[in-house]
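Enquirer: For reference, the chains in residue letters:
Protein chains: 2
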Amino acid sequence: MSKNRPIGIFDSGVGGLTVLKAFRDMYPGENYIYFGDTARVPYGTKSERTVIRYSIENSRLLERFNVKLIVVACNTSSSVALDILNREFDVPVVGVVKPGAVAAVKATRSKNIGIIGTEATINSGSYRREILSIDPFVNVFEKSCPLFVPLIEEGWIDDSITFEVAKRYLSYLKDKNIDTLVLGCTHYPLIKDLIQKVLEGVSLVDSAEETVKMTAKVMNGNLKKDGEGKVKILVSDLNSRFEKIAEMIMGDTFQIEEISIE
Amino acid sequence: MSKNRPIGIFDSGVGGLTVLKAFRDMYPGENYIYFGDTARVPYGTKSERTVIRYSIENSRLLERFNVKLIVVACNTSSSVALDILNREFDVPVVGVVKPGAVAAVKATRSKNIGIIGTEATINSGSYRREILSIDPFVNVFEKSCPLFVPLIEEGWIDDSITFEVAKRYLSYLKDKNIDTLVLGCTHYPLIKDLIQKVLEGVSLVDSAEETVKMTAKVMNGNLKKDGEGKVKILVSDLNSRFEKIAEMIMGDTFQIEEISIE
Numbered sequence: 001m002s003k004n005r006p007i008g009i010f011d012s013g014v015g016g017l018t019v020l021k022a023f024r025d026m027y028p029g030e031n032y033i034y035f036g037d038t039a040r041v042p043y044g045t046k047s048e049r050t051v052i053r054y055s056i057e058n059s060r061l062l063e064r065f066n067v068k069l070i071v072v073a074c075n076t077s078s079s080v081a082l083d084i085l086n087r088e089f090d091v092p093v094v095g096v097v098k099p100g101a102v103a104a105v106k107a108t109r110s111k112n113i114g115i116i117g118t119e120a121t122i123n124s125g126s127y128r129r130e131i132l133s134i135d136p137f138v139n140v141f142e143k144s145c146p147l148f149v150p151l152i153e154e155g156w157i158d159d160s161i162t163f164e165v166a167k168r169y170l171s172y173l174k175d176k177n178i179d180t181l182v183l184g185c186t187h188y189p190l191i192k193d194l195i196q197k198v199l200e201g202v203s204l205v206d207s208a209e210e211t212v213k214m215t216a217k218v219m220n221g222n223l224k225k226d227g228e229g230k231v232k233i234l235v236s237d238l239n240s241r242f243e244k245i246a247e248m249i250m251g252d253t254f255q256i257e258e259i260s261i262e
Numbered sequence: 001m002s003k004n005r006p007i008g009i010f011d012s013g014v015g016g017l018t019v020l021k022a023f024r025d026m027y028p029g030e031n032y033i034y035f036g037d038t039a040r041v042p043y044g045t046k047s048e049r050t051v052i053r054y055s056i057e058n059s060r061l062l063e064r065f066n067v068k069l070i071v072v073a074c075n076t077s078s079s080v081a082l083d084i085l086n087r088e089f090d091v092p093v094v095g096v097v098k099p100g101a102v103a104a105v106k107a108t109r110s111k112n113i114g115i116i117g118t119e120a121t122i123n124s125g126s127y128r129r130e131i132l133s134i135d136p137f138v139n140v141f142e143k144s145c146p147l148f149v150p151l152i153e154e155g156w157i158d159d160s161i162t163f164e165v166a167k168r169y170l171s172y173l174k175d176k177n178i179d180t181l182v183l184g185c186t187h188y189p190l191i192k193d194l195i196q197k198v199l200e201g202v203s204l205v206d207s208a209e210e211t212v213k214m215t216a217k218v219m220n221g222n223l224k225k226d227g228e229g230k231v232k233i234l235v236s237d238l239n240s241r242f243e244k245i246a247e248m249i250m251g252d253t254f255q256i257e258e259i260s261i262e
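Chains Y and E are the protein sequences, given in the same order. Going by full-length UniProt numbering, the first residue of the first sequence is number 1, and it counts up by one from there. Going by full-length UniProt numbering, the first residue of the second sequence is number 1, and it counts up by one from there.
These are computed hints drawn from the structure, not numbers from a lab. Be aware that one or more of the hints could be misleading.
[Said to hold, decoys possible] DSSO-like mimics (lysine-lysine), calculated; alpha carbons at most 27 angstroms apart, straight line:
(1) K21(E) with K217(E)
(2) K244(Y) with K143(E)
(3) K244(E) with K143(Y)
(4) K21(Y) with K106(Y)
(5) K167(Y) with K167(E)
(6) K244(Y) with K167(E)
(7) K192(E) with K176(E)
(8) K192(E) with K167(Y)
One chain only, chain Y, in its complex shape (with noise of 0.2 angstroms):
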């Protein structure tokens, strides 16, 4: 890969490779590295202080596969983590929450946006402070939706019983008057179709499709469209969990090694 070096996506599981294969479907050009840190999920429910550590982590590995860019596609690393990484390393850094927000304040008429996260990230109040970085009159409600991913890992995508902690979760948002509701969270876009059953008519925005904008920009359009490059997906802790889902958000199926972390 030494000619063509590789864009590095890191995420704490499974879930970033909704961002991947964004990256994918725009440029299938470019050879990827992702690494899920699979051994260490979830993020969500830790402190800042672990998530930032995991992140360097994380990202020093990327480092030694010579990535010219690191993508973090966890919106709780994004959240916490992105400033130190962007000091940190050489390379660029960019993380999904400013995508996030960008699109959200674009889609916005009402001017009342929702944000639905991990716990971290709705406590580290990222999202927020993006958003009214580009609108100071926007008005943001915010949710942590903590059920979610373990729902969505044990599959229940299409389900009653998600439906049912989704109408609990949503219920604050329901009387917000929102017309834009962001995915702070990449698994959450599996469940899109019944978040949106319970907030009908709200747009939802999903940030994996504006990261890879935002990155093709920080590259100054320096991105392959064409060709096909390789992909090699790395994790932390090998296990049958994390390839069904892979292959359910991929469409395909790709070789998943192991690699040692700490």
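Take the given structure of chain Y and dock chain E to it, following the hints.
Expert: Then chain E, alone, in the frame of chain Y:
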């Protein structure tokens, strides 16, 4: 603590505090060191190899405190790592699986026993093996319940959604004529009432108490009932979630300290 070497207890997170509590209730004169690996929790969805590595690291950490014995309060670790820990460490290592199996065989009359636990515990077949080694004529029915831990950690204890999840998971066991169910995860006693509602008339086995009894045997009864020993609670990631649930389990507040495991 040098005069009275402490008992070391570890778990993947907060659930093992139910075991610490059972010890304290029966032997308040002992000193205890509890370690919850909250930076890498949960173990139940991870591979055997990773859980073994974590279990060895946790035991090494307890060893540094000069413990006289190690109690593996985590069902997943007990299921996949106990033999290895007993080979690797000089002090006795006691798990929660065997005590649970002993208690279940004592309790059953129909000779049909159900086991619930995390994916890793159920996939390991540890309870089945222990039960059949005591009584080969028992029928064992196993079901993993991956959502119970996140639901409990969300605080949805006496809750309609958790009840629906329990009905779905346990329906498989309902028509098996079981009269005894092992709660094969230290979190599950917290939703005992709800499980009992789904499986009326079934005896629920919580390994915590039985583990204390087995430990006392291993120590030849040399455990202090009198006096008031010290309790030290350590975690690899200090977060408010742990503190909240710890208080719920222990019925008391303790100082909780963060310690690096990696």
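Enquirer: Does each hint fit the structure? Answer for all of them.
Expert: Each hint tested on the structure:
no. : hint                 : in the structure
1   : K21(E) with K217(E)  : holds, 18 angstroms
2   : K244(Y) with K143(E) : holds, 19 angstroms
3   : K244(E) with K143(Y) : holds, 19 angstroms
4   : K21(Y) with K106(Y)  : holds, 23 angstroms
5   : K167(Y) with K167(E) : holds, 20 angstroms
6   : K244(Y) with K167(E) : holds, 25 angstroms
7   : K192(E) with K176(E) : holds, 20 angstroms
8   : K192(E) with K167(Y) : holds, 26 angstroms
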